[in-house]
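Participant: Fit chain B to the known structure of chain A by using the hints.
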Amino acid sequence: ETGVTQSPTHLIKTRGQQVTLRCSSQSGHNTVSWYQQALGQGPQFIFQYYREEENGRGNFPPRFSGLQFPNYSSELNVNALELDDSALYLCASSFWDRVSYEQYFGPGTRLTVT
Amino acid sequence: GDSVTQMEGPVTLSEEAFLTINCTYTATGYPSLFWYVQYPGEGLQLLLKATKADDKGSNKGFEATYRKETTSFHLEKGSVQVSDSAVYFCALQYTGTASKLTFGTGTRLQVTL
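Residue numbers (our numbering), protein chains in the order written: chain A, 1 to 114; chain B, 1 to 113.
If you are wondering where the hints come from, they were derived from the structure by calculation, not from laboratory data. Quantities reported herein were computed from a predicted structural model and do not represent experimental measurements. Ideal Cβ positions, reconstructed from N, Cα and C, are used throughout, including at glycine. Since no wrong hints were added, every one of them can be taken at face value.
Coverage of chain B stretches by chain A, computed from C-beta distances (three or more under 8 Å per stretch; other residues unrestricted):
| hint | region |
| --- | --- |
| 1 | 42-49 |
| 2 | 81-95 |
| 3 | 104-111 |
Some, not all, of what chain A presents toward chain B, calculated at C-beta under 10 Å:
| hint | residue |
| --- | --- |
| 4 | SER33 |
| 5 | GLY40 |
| 6 | GLY42 |
| 7 | PRO43 |
| 8 | GLN44 |
| 9 | GLY58 |
| 10 | LEU90 |
| 11 | SER100 |
| 12 | TYR104 |
Same shape as in the complex, but just chain A:
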């Protein structure tokens, strides 16, 4: 069984540019969540997609947007990059086990904005 994969591994962008990060969910998982983890902090919820629809959003501005595709893979897009967007971006796929949504994380994309 293939786990959650993310690409690219590392990325360096300049302030004001746009970036797209990609995530392939684990087989059988129809829900994808994105998190931002700043250095030395816990992950912060950006948004979640369920069956190609946004299913909830954290406290992030509209320049953070996403997509989910019919195969449940997902993209995170960030426009007008700011220095504070430098972080590890984590994707997590999940399924309902009748009690909770266990979320399985990918290795992350390290974004550096200069």
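Facilitator: Coordinates of chain B only, in the frame set by chain A:
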């Protein structure tokens, strides 16, 4: 709002020592509680979970009990190994729309020989 508070690290222990990492939460309802572990340069791995009061989650020698009366979910292990060195995150989750995880800031554990 909901929040998770963890003890500050780093926690430095000798191999075979007893480990406790404290975690308390603030929540309006009855969330599920999780511990995740992050090894250097990697994403997060689910370590254990508990979904209701008095449940005990356990995995790989780690345990944590969901204590509703003290709003706590402390992580324990009887004998740590060097390979347990990592950052540990406590998190809560409500089941429903956008079952997001709310994380603490993490506790770094360093185990030495």
